Structure formats: structure tokens, C-alpha cells
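Asks: Each chain, written out:
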Amino acid sequence: MTEYVLLIIGAVLVNNFVLTRFLGICPFLGVSKKLPTALGMCGAVIFVMTSASAVTWALQHLVLVPLGLGYLQTIAFILVIASFVQLVDIAMKKFAPPLHAALGIFLPLITTNCAVLGVSVLNVQLQYGFLKAVVFGFAASLGFSLALLIFTGLREKIDRANPPKAFQGVAIALVTAGLLSLAFMGFAGLVK
Amino acid sequence: MTMVIQTVLTIGGAGLVCGGALALAARFLAVKEDPRVAEVDGILPGANCGGCGYAGCAAYAEAIVLEDAPINLCAPGGAEILSKLAGATGQTAQMAEHKVAIVLCGGDVENAPRKFDYNGVADCQAAHTTGGGDKACPYGCLGYASCSRACPVGAIEIVDGIAKVHPDLCISCGACVRTCPRALIKMVPYARKIHVMCSSRDKGPAVKKACKVGCIGCTICAKLAEDEAIKMQGFLAVVDYDKELDNDAVIEKCPGKCIVRI
Amino acid sequence: MSELSIVSSSPHAHSGSSVRRIMLDVIIALVPAVLVSLYFFGWDAFRLTTACVVTCVAAEAASRKWMGRNIGIDDLSAIITGILLAFNLPPTLPTWMAVVGSVFAIVICKQLFGGIGYNPFNPALAGRVMLLISFPVFMTRWSEWTIPSPIGMDAVTTATPLGLVKTTIGSAGALPFDFTGSAMLQLFVGNQNGCIGEVSAAALLLGGIYLLIRRCITWHIPVAYIATVAVFSGILWIHHPQQNLAPHFHVLSGGLMLGAIFMATDMVTSPVTKRGMLVFGIGCGILTMLIRKWGGYPEGVSFAILLMNAVTPLINRATRPRVFGAPKGGRKQS
Amino acid sequence: MGAIKAKFSAPGGVHPAYHKDLAAEQPIAEMPLPASLVISMSQHLGKPATPTVKKGDTVLRGQVIGEAAGFISAAVHAPTSGTVKLVAPVPTAAGPRATAVTIEPDGEDKWIDGMAPCPDWRQLEKKDIVEKIAAAGITGMGGAGFPTHVKVSPPPETAIDTLILNGAECEPYLTADYRLMVERAADIWEGALIIAKALEATNIYVAIEDNKPLAIAAMAEAMPEQAGAAHVVALKTEYPQGAEKQQIFAVTGREVPAGGLPLNVGIVVENVGTTLAVWDAVVNGRPLTERVTTVTGGPVAKPGNVLARLGTSSADMVEFCGGTSSPVAKIISGGPMMGFAQADMSGPTTKTTSGLLLLGPESVHAYESMPCISCGRCVGVCPMNLMPNELSQFLEAEDYETAEAYNVMDCIECGCCAFECPAHRPLVQHMRRGKAQVMLNRRKQ
Amino acid sequence: MAFYKELAKGLWKENPIFRLVLGMCPALAVTTSVENSLGMGMAATFVLICSNIVISIFRNLIPAKVRIPCFIVVIATFVTIVDLLMNGFAHELHNSLGLFIPLIVVNCIILGRAEAFASRHPLWLSIADGIGMGIGFTLGLTVLGATREILGAGSITVWGDLKWTVAGYEPMILMILAPGGFIALGCLLGGMNHLQAIAAKRKGTIFTPPAHLDCRSCVMCKFGK
Amino acid sequence: MMESLRLVVVLTIICSVAGALLAVVHDVTADPIASAGTKEKGDAIMQVLPPCDNNPGEDLVKVDADGTAWTFYVARKEGRFAGAAFESVSAQGYGGDIAIMVGVNAEGTVQGVQVLAHKETPGLGAWISGDKFRGQFAGRSIADTKWAVTKDGGNIDQITAATISSRAVTEAVKAGLDIFTANTSAITGN
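Chains as they are written, first to last, in the numbering used here: chain A, 1 to 192; chain B, 1 to 262; chain C, 1 to 334; chain D, 1 to 445; chain E, 1 to 225; chain F, 1 to 190.
Just chain A, same shape as in the assembly (with noise of 0.2 Å):
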């Protein structure tokens, strides 16, 4: 139990995914605008690096290891999370109408969003049992999605303030993100 509670805390605080792993900043900056939309964002990612995880996982140690296809990872890492998240998506449509008008815009945004695929190569690097490597997905997912809430607070304080003209946009948002990290180097050492 422990094992996993620390497990949490490392991919929430300690590594966060985008502040310490610098995994996926493009829906990190792109989608920090408006509070009501980065929470969508997040319910999608979460949904998306936890499933992921699973099937790559499965993927991983019930296909290519034993055929000794390990150099595969990558491709077949990229197909099946893409049609998987295809599928999801087409079949929340179909299924869950609702669900799908609150995740669905996300849920193509975030198909080949370099968290997904780092999530599922990392497990494979650290070696994690499937239980393991699914809790990893999702506590990896709630540290993107902690991250990009507070920057989306941030972002709407910051886009109402009055940086140089050459720092407006991107620039002083990546700055901003540079702030939240360094605040985010607190946690260093909580777990080891």
C-alpha cells in the first residue's frame, strides 16, 4: 500500500509529469486558457494515460516480449493508442452522448500527446507489473492534471497582465511555467 501511495506522490509532486518531466507541454500551453475547458482537458488525460497504460502494458508483455519483439515498442505503442482512443472516442459518441459533449473535443487533441506515449514507454523502462503501471498512468495524469489546473489559474491572471510586448504570449507563459516548476522543486526528495 505504501508502495503505491508513494508511487502517487513521485508522479504527482516529486516528477511532475510536465514540470519535472517536461512531458506534455503542447496541451499544457495550449489548453490553459479557460478554466471550464482545462478541465475537460483533464478528465480526457486521465482517462486516456490510465487506459493507455493498461493496454500498452498488455501490448508490451503479452505480444512483443514473448515474441522477442521488444525494438517494436514504438510503433506498435503509437498504433494502438491512437486506434484505441479513435475507437473511445467513436464509441462515446455513440454510447455516451454526454460524456462525450464534456471529453470529446479532448480526446483527438490528446491521442498522440507525447504524455500518453511517455507514460506507457516509462512503464516499460521502470519495469512496472501491470497494477503497477496502471497506477502510474493515473497518478501520472493527475500530476499533468494538477499542473495545468494551477497554471490555468495563473494563465488567467496572466493574461490579464502587462508583460513587454515581446514577452506577450507564449514567451511569458513558458516563463510563468518555469516559476510553477521551480516552486514544484519543493517536493524534491519527498519521496525517494
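Errors might be hidden in some of the hints.
As the list claims (entries may be wrong) - PhoX-like mimics (lysine-lysine), calculated; alpha carbons at most 20 Å apart, straight line:
1) E:K163 to A:K165
2) B:K203 to D:K55
3) B:K203 to D:K85
4) A:K165 to C:K65
5) B:K164 to B:K257
6) A:K165 to E:K203
Please keep in mind that the hints were generated in silico from the structure rather than gathered at the bench.
Keep in mind that this is a model prediction, so the values were computed, not measured.
Here the structure of chain A is known, so what remains is to put chains B, C, D, E and F in place on it, guided by the hints.
Replies: Chains B, C, D, E and F alone, transformed into the frame defined by chain A:
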């Protein structure tokens, strides 16, 4: 060799499964969107300036495809986008006449006195509703740069207390026209260079009191201009931009010095 | 009338408060702590404080000039940033590092966002954390403590009490501290090692009271912050007195007083509603203890406040007051 | 009979310097007819009246010169007899231009044969009272100028049980209502009974800030015996106790729903001046042609409370009060918290001109506004519990949707936020602009 | 001529990092040293050129509907090839780039160029575009990497032992840590914007800094559509 | 329907071709990758061991201690035991696990220490890879050294401001040495 075969089978199989699954799933889901909308949207420049009168480029794209809206409304896109749109929609269209915005007021700090010291939000709308605006002339440009801020391309600059549009930078989106609380900004053909730089509808004496370069309604220019290219609207001379006007006499003879060539 | 009358929107009366006056009050409130730092650290305190203040003001002026804005250093906020940054530095720090920290604080954390009011993070804290991460060796090198320490630190005189805890727990057993009244009194007046401005709880409290009287701060953030730390550490202490410090020790040591009174209450980066302030203070307290107890750094105040700065917009959003006349319980949501 | 203390207290509020001593002890003085009167057709909230006279017409006092132009509108009457000199737009106190009729008095001040006096108003039907009020062109005289006949004829399904007479006069400097209460307490009470009859209200409260003991005493003294449910309520002295919603809460503990009206909680609030005008109209049959205005401020030589004809220019009133004795930096129609600054002293008195305030350079604050430093003081003092800091920033960024979601429309423009703001931000102006823009956007949809 | 034009645009006019603001993840993650930046840049350039070539050649054979999945497969193939080659022949570098080699697959630049350029232009121009964009990307990474390494480690490592150290400099470790990445990129971007604004002013045009990532050339979300 | 079929077919073909290509590349790079991996460890082993004439990477002695398997790479010179290297991991690092390779000579004193993998803070804990810190282990034996950092009263000089990393390495070295000492006979083969 076994390795190669295994690899091909695995990845090929993955492709087959994924492709098959997607194809099957796609069959459940009839594509509702008109693909042409996406295509047209892709052609449009994505500036979302609203100059076409629709809420952003996507809305305009939808209007073009579904409502047969004219394709020549995108001013920022220019001829290049127009030809692409023509190719995509099969419509043939001429570019709408190139129009640019102009601020019809010449009452800069030199010429138009203020009636009080305004202390508040530096915004024309706010100034206009606080004591009626600090300019003595109730029609003149307040110079608080609301239009300049509204301009998506930074083509408006405040010079000596009044707004000036750079005609070459203007993309004729009309954002400034909608913003000006005193309705001073007009879209005029780029080719027309002579303007009456005043919008005051007051009578001569009142104008004179409020501004040194106001139109006092003397009608001299209206008489001089051929083809009624300048008409009187009440006490204000107004250029009819549909007509050719290239007559330096109107500029020289204007007693208010409010007709200029830009 | 020869001159034009002034027209502005209502109201035409004003309470007379001004940003400059608030900043001046904060500076006045910092004076006791400055004096204490000069007493305990002497030349080093003077050197660092001067370096930080001068650099901050100069950096503010220079960056504003570069951006083509009015210089605007007369709001005095850069001076406060300088003093607070200096307060968060160890006395042995080379001057040039203090200068680097000040430039970072003012230019990157403040002026890039547009200057006063727009910075999402407390500049002094961000500058301090930047230095801590960039130059960890220098930022954790404390001066040789000359005045005999009454709190059982004689064995290792070059560490802060909290730093000592970090390195002691896990290797030794019980903590080498004395929690008796007289030792606590020493801690209270500031006879301990640490950053130059954080040592004396007494001087900081004095400043805090002045700020409260002048209405520059409200009690919510400091009280919530300190109480949370006390409760959190109290629970740990009761649970495991051998492995944990007593709550009053936690409250009096490290940068907690400085943080709770002067840094967490920074208006620009803390919530505006009373409820939000309480949430902010409690959050700071929990994070501080989390980092002090389990984190890699001995002291967590700076990080805790920075992290809460980051969530301040969200807190503001979540604690919007109920509009007068709106149905009770439910807020009108956006 | 004494006053009862207010039980509740609305959120927020500030304590500006009151400066009421300048004019408080000056009895109401009637002003002689000026040389010219400019009567605006837009002296009330709602549609401006339609002028019914033209240049050259001769008019009698009390003659209708502007007809109500719709349901929410009010008639305008000639304040004296004379000749119409001009019908043309002039700037109003708030800024925008509106049609005004200029009358040159003939000096005879002859009344028209209009409404009949009706001392025996108790015999009147509800609707007759409303008709008389409408015919007299009475509007709220506290500042907003809402047509009174609309207020006293609530929709039939709304039961009104309480009438509150607003005598708080929380605006600094102003003493007109105070003088009225001290000098005309009995008439005000009678006016209140007339309105209460029209409303079928059973309770009448007179709400007065506790820094006006004389007014409280006078109103308590004159309290009618027969109305068992009449009370004088002493409010805590705090701005804005005179704001309708806040006053209702302070007096009765009822909260007017956001975006709603007092009648939603069964209450109507009337200014004491309005009440007196109702008495004058119903009992004496005289339309609203004059009002009491406080002329005050440092530069005014002899500050006082002036009974002036509608249309009297500020300059004339200041002249009547001895002119100015020191430089004037700001001319304000109304009080310092919610009044409108004027470019010059040409502006005419209207039904809503509760004061004319001149400020010298020493008390005028022309500051450069700074960025918001999020001190939160505006949030603390906002009587509507809004967040002016956030709102002003949304509005600066022209984000009207978010501003609307943050309830900008509930702002009552009382000015507490801007009064407190250490960064000297023009918060009220932002709100005003925001409200206008939101209304505009709503109308577009 | 067209060849050079396509080649040159990636360097500055459409520099992927500073103008299009694409490929942020590797730009932040691997730029802790010049060596890593160069390695990442070259790996990405290789994939970019190869995928541009293949896609340009087969652009008329791939049905429009499945083009995105096909592009991804092609790109993933070349990424795997780079991964394998680097693992075998530049093991150290492979170790330090780690996770970010497989992640080249989802780098917007590559798929973006495939979709926006290679699938619409002949082979020759596509190669030019690939080279230009690749070098532009490498350049961007290297500038960022050099900044961070000099400030954060006081050295410049080009390859293995080919390394210069700034003597007597106390490095700001922050710069090679995560926050330093964000801050350095933000400041560099701001600096570049400033230069461009000056250049634009000289030419009499207007420069607006990128307000968001240039999603227009990223077509990830069109997968399967 | 045709459209869908085409989708499936094209995707399958492309995948197959890609697969074939990859298989070939993999075939070509398999050996270099494998040798690069072993070489890394092999280099570390050789660096911490005294000169020898066998291949320690293949001369393994496995020892089981408290359920943990330790592998000792034995170096021999002219057939005689010259030293042994072992990999030791500490979970007490600041950023996570620290893996080190320790070499012991025939006398049982430390020959050398190499850091294989760590996630310590660059510029701080990362200095455990530096010669200055690693170098001080050489020549120490289990008996003549107090195996703790100076701050804890031991003989190992910690890296300034990185006590935790230093402590972790020290503990890892000691843990391995303990195992080595306890199993000397099995490892040396005497």
C-alpha cells in the same frame, strides 16, 4: 529470418487490426460534418478578425459552404486566399473593393480645445460617458485609443491626440468602426484620397467655438466638387465615396481647412 | 476660471490610502527585524541587505526604462523585495549571488509580467528559491555561531536548527534539542543560526503587529499559517516525540515567522477574500510541514508560499463571496 | 416616542469624512427666480419626456411642457411662468445630451389652473393617488430619479407590506433631506401615509443615520398617532446606508434578490424629498417644479440649503450662496460618492439634483491609476459582495462575458471600492462601462 | 532556387522552435547540454528527412483518408531505426536522451511537415524542407542547450571529451534543471520576438509575438479522421 | 465499403513494409547494442578491479544474502584470485536509486568505485560520480574505516550540501563489503 517474418506479421497484423477496427467503427458513425467546411476553414487565414461579419473564420467557412455566402469578404486574406477559395468552392468572385478605415476628425490638440481635465479610464467609451467627453467638440475624436486597441494589426496610432489609420496596414476588418463611441471611423475606398476631416453636425458658430478645423457647413466644397462628389448632410459636408473626386480646389477653398488629401 | 475643472467618474472622495503608503508601512514594520539582523550578523547583514536593496531598485528602474515605461520605482515595492530577499539569505553568501538573486526577482519574476500587481509569484521568494537551487552549497553554509547557543547546538555550530534535524534524524536517534522555556526564549529573541532576517520571532512579530494596526495585513493568513504548523507538528510530536520537534520549536525556528507575517501576506500574490486567506494560510502550513518533515529541504516555508502563490488565482475563484441578495448556499456560477 | 435601532447591517461600507457641518444648520432658503431656466426633458430614469412646447410659446407655472413618453417616464412642468426661448439639446449632468426647454421667466410666477388641491386625500381611491402623482411628474429625488407613480403602482400580484422612507442621506456634504426632515417632519409623514395608502402598506419606517439626532427627534415627534405601525429607525452611520437594498436589509433583515427589485420582498423605498413632493402634489395639487438642493463645499462662500426652481443653473445657485471664495477644481452635481462631475457651472438643477458640491484643489484627487495590487480592500467594502478588483481587470481586458458571470450587473456604483482603492483605480467607471456594454450585448442577442 | 528557399525558411522565417513554437517537449527536456541538443536535433533531422522523402514519393498512392495513420507508421519506423542505431553506435548519447528518442514520433514538427509539406510537394522540395526544418530545429535546440549549459554547468560539451569549461565560474545549477528549461526558453523566445519586432519595424511591418503554439501545422488530432 | 477496405489494406501494407525494414535494422544493430550494453558494465568492472588476465565479466560468483542475490565478478591473474567487483544499489539517494560498481582487491580493501546510475541533483548530489568523492574509498577496508560520512561521525568526507547522496553511496559500499567479507571464501574460491 524468423525474426523478420514475426515482425512483419506482428506489425502488419497490428495495422490490420487497428485499421479494421477504425474502419468498422467509422461505419457506425456517419460523418456529419461537411468536409468542404473544413477545407474552406483551412484556406481562411485564421485571424478571426470578424471583418467578414461572421463570428470568426470557422463561422465564415460554414457560411460559405452551407449558405453560399460570397467568398470575397475576407479582407485580410487578400487576392491569394480569394483565388484559393474560388478554387475550393467553384464560385468566381471579384475581390470586394479594397477599403480602409479613416478617422474623420482633424481636431488634434492644437486645433480642438478640451473643455475639462478628464481623470479616469483611458478609454473612449468611458470618457464619452463621463461628462460627455472632454473634447469641447461633442463629435470629435477623444484620442483615448479604443480603436487602436481594437485593431488586430496595430494599424491605428494616436498622433497629437487623435487617431490616425495607416491605410497600408489596414486590413479593413471594421473592428475600429464598431468600437468608436462617436462613430467617427468610416470604411472608405483605398483609392479615394480626399476626405472631409470632420464629423460635427453642429451649426457653424458652435463648430467654430469647439474646433479650428471643423466643417462650418459653408457648402463651398459641395458647389466646387463635380458630380456632387461632396454633399451636404445638414451642416456637414460629406464625401460621396462612390464618386470620383480629385479636385484640389475643394481643399484650397475650404475656410475651415478641414478637407485634406491623405 | 482660468484653469479647466477636473472631471472624473464618481466617487470624488478618497480614503487617502495609497500603494506607496502601504509599502512604506511594510518597510517600517521591517525595521525591528533589520536592526536585529544587524545586531546578530553585523557586517554581513548590512552587506547583503544593501546589495539586495540597491540591486532591486536599480534593476527595477533599468528594466522599466528598457521596456519604455515610466520608471515608477517610487512605489517603494522594489525596496521591500530587496529587504525580504536579503532576509532570506544566509550571512555567508557572496555578494554577487545576492545581486544575481535580486535581478532574477525583479526582472524575471516581476517586470517581465508588467511590474507591480501583475507578478503571480512573490519576487523575493522566487529569487531566494532560485538561489537555493542554483547555489545550494552557498545557500546552506551558515556562519560560525559566536554566541554560545543555549539550545543544544554546540556540537555542530554551522547548521540551522532545522537543517540539523534533517541530517540527524535517521542516523542518530533522539534529537539534541532542549525544549525548555529559557531555550525557547532564546529562540524567540533570535539567538539561533539562520538566514539574516528570519532569526528573531520577536522582531518580526513586532512588525506584524504594526502592520495589523495599520491595516496593511489582516490576521487571517499569519494566524492560519502558524496555527496549522503548530497543530500539524503538535500531532507529530505527540505521536513520536523522539523523532519530531515540538510545535513551539517549529513555530519559532526557520523562516516561518518571516514567511507568515511578511511573505505570505504579500497582497499581490495572496487571495483577496477572508475565506481565501484562511485557505491560503492553512495550505502554506501543511506544505511547510510536509517539506520540513518529509521533503529533501530542511526548510519549506519559501516553497510552501510559492506553491500557494500559484494556486491563489484558483483560491480566489473558489472563494468568491456570495453576492448580496443571491440565494444562500449556492453561488451564481460562471 | 423614540427611534428604534437598526437590527441588521449590510456587508461592506466605508466611512468617508462627512463634512455635513458646512450646511447642516442652514435653514432652507428660497431662491429668487433666475433670469433663465433650462428644463431638461430627461430628469428621470427611463425615456425622456416629449416636449409639448415650442420656441416662442408662453407658459404658466405648473404647465406641462414635456409629456411622459412611455410607462417608465415622467411629465415635466414649467417651473414658472414665462416665454419659451429655445428647445434644443444640452448636456445633462451625467454627460449625454438631451433635449431641454429654456424658459425666460416673466417674473409673475403665475400658476396654471391645473390639479385641484385635495386636503381630504383619505377619501381618494388608490388609483387616484397614483394618477395625481403621475400628473405631478414626481420622480425619486434621491439621485436615481425613478418615476414615483411606477413605484407606487406595483403589479397587482405583488403584495407590499412595508414602506421605508429613506432619510439616511449617507452621502457626505449633503444636508437637503436632513433639513427637510427637521423643518417639514409633519408634511413628510402625511406624504408617507398617502403613499402607504396607495400601496396598502401596513408598516412605515423612516430610516435615518444616527449622526442626525435632530432629524430623528423631529421625525419621532411628528410620528402620526393613528398609524400604529410607524417607526423611526436609527441606522449606523456608514456609507452607503442610503442604498436601497442595503437599507432594506438594515431595517427589515430582508435581502432583495440579486437583480431583483425591493417589491420582490414586499417593500417600497421612497426618499423623504419625494414623499414631501407627493404630499405637495396630492394635498396642494402642485406639480413638481422646485426642490431643495444643498449648495456646499469648501470654495462656496456661504454654503446652504436652497429651495430652487428646476432649471436653475449651478452658477445662479452658487451666486445665491455668496459666490466662491477660493479656487474651484471640481464641480459635482450630487454628493462626492455618487455625484457627477461637471465641466462648468452651466448645468441646470433637475428633479434629482440633491446637491451642488464645489471642491477646491486641496480636496480633489487626480491620481494616476496603478495596476491592481490585489489588496482586497474593495472586496471587503463592497456592499454587494462583489469583487471589484477582478471585475475591473476583466473589464480592462474587455472580457464582458466573465464580468457578467462575476455579477457586474449587481454593482450599485456606490463608489466604496474606488474610495478605498490604494492604487486609485477608477473602479466605478470600469463598472459603469461594463454594465453599459453588457446591456448592449444582451440587447444584441 | 525554390530548393534553397525551402531550405532557408526553416532556419529563421519558419524556425520550428522560435517561430512556430513546436516540439516544446524535447526542446525543454534534452537541452541540458549542447551535446544532447545536437544529438536530439540530428536524430529529429534524420527522421524528418527520411519521412519527408518516403511520404513525398508515395504521396499520390496513400488515400487521403488514411494518410495520418500512414504518416505515423512511417515516422515511427524511422524513429525506431534512429533509436536502434543510436543505441548501438552512440550508446552514451542514447542513454542521456532516453525517453525522448521514441517520443520523436509524437513531435508535432515531423508529422506537421509530413502533412503540411511532404504530402503536397515533390521529392526534391520535400528534401529541402526536411533539411531546412531539421537544421532549424537543431539550431534552436543548440542555442537553448548552449545557453543552459554555459549558465548551468559553466561548460560547453560538443561531443564526449570535446568540451570547454568556463574557469572560475560558479554554475547556476537551476539552469540545467527543469525550471531553468522553461525560463531559458521563455527568455530566449522573448529575446527573439524582440529582435523580430525590431526587424519588422525597420521594414515597416508589424510583428505580433506568437500567442500560442502553432497548432495549425500539427495534425495529430486529425488522426483517423 | 471500398473506402474502408482500402484503409485497412493500405495500413496493413505500410505496416508490413515498415515491419520488414525494422526487422532488418534490428538485425544489423542487435549486436552493437548488446555489446554496448555489456561494454558499459564491463568497462566499469575493469575500472574498479586490479589488473587481471581473465574476463571478470564472465567469471561470476553468485551469493545469496537475506534473499538478495549478489553477483561478484571475479578477477584472476595467473589463475589466482586478484579481486572481485560487485554492483550495489542504495535506495537512499536523494533522487532515487543509486547504483554503483565496487571493486575489491585480494587483500579485501576497496580498489575503486564507479557510479553506474543515479538521479541525483546535477551540480550537487551528482558529484558522487566525481573523482574526488569516489577516490576516497580506495584503500579502505571494512575494518579500518568508520563507514559513515564525517557529519555522522565517520571517515568519509561528504560532498558539501549533498550529505544524503554521500551517505547513500557510503552505505551502498559498506553493504557490499559486508557481503564480501561474509562470503570471502566462496568468492575467492579458497
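Asks: Against each hint, give a clear statement of whether it holds in the structure.
Replies: For each hint, the structure was consulted:
Of the pairs offered as hints, the one joining K163 of chain E and K165 of chain A is violated, with about 37 Å between alpha carbons and a cut-off of 20 Å exceeded. Taking the CA atoms of K203 of chain B and K55 of chain D, the gap is near 18 Å; set against the 20 Å cutoff, the hint holds. Between K203 of chain B and K85 of chain D, the direct Cα distance comes to roughly 18 Å. Compliance with the 20 Å bound is thereby established for this hinted pair. Restraint check for K165 of chain A and K65 of chain C: the C-alpha separation of about 14 Å stays at or below 20 Å, so the hint holds.
Restraint check: the Cα-Cα separation between K164 of chain B and K257 of chain B comes to about 17 Å, which is no more than 20 Å; the hinted pair holds. Of the supplied pair hints, the one linking K165 of chain A and K203 of chain E holds, its CA atoms being roughly 18 Å apart against a limit of 20 Å.
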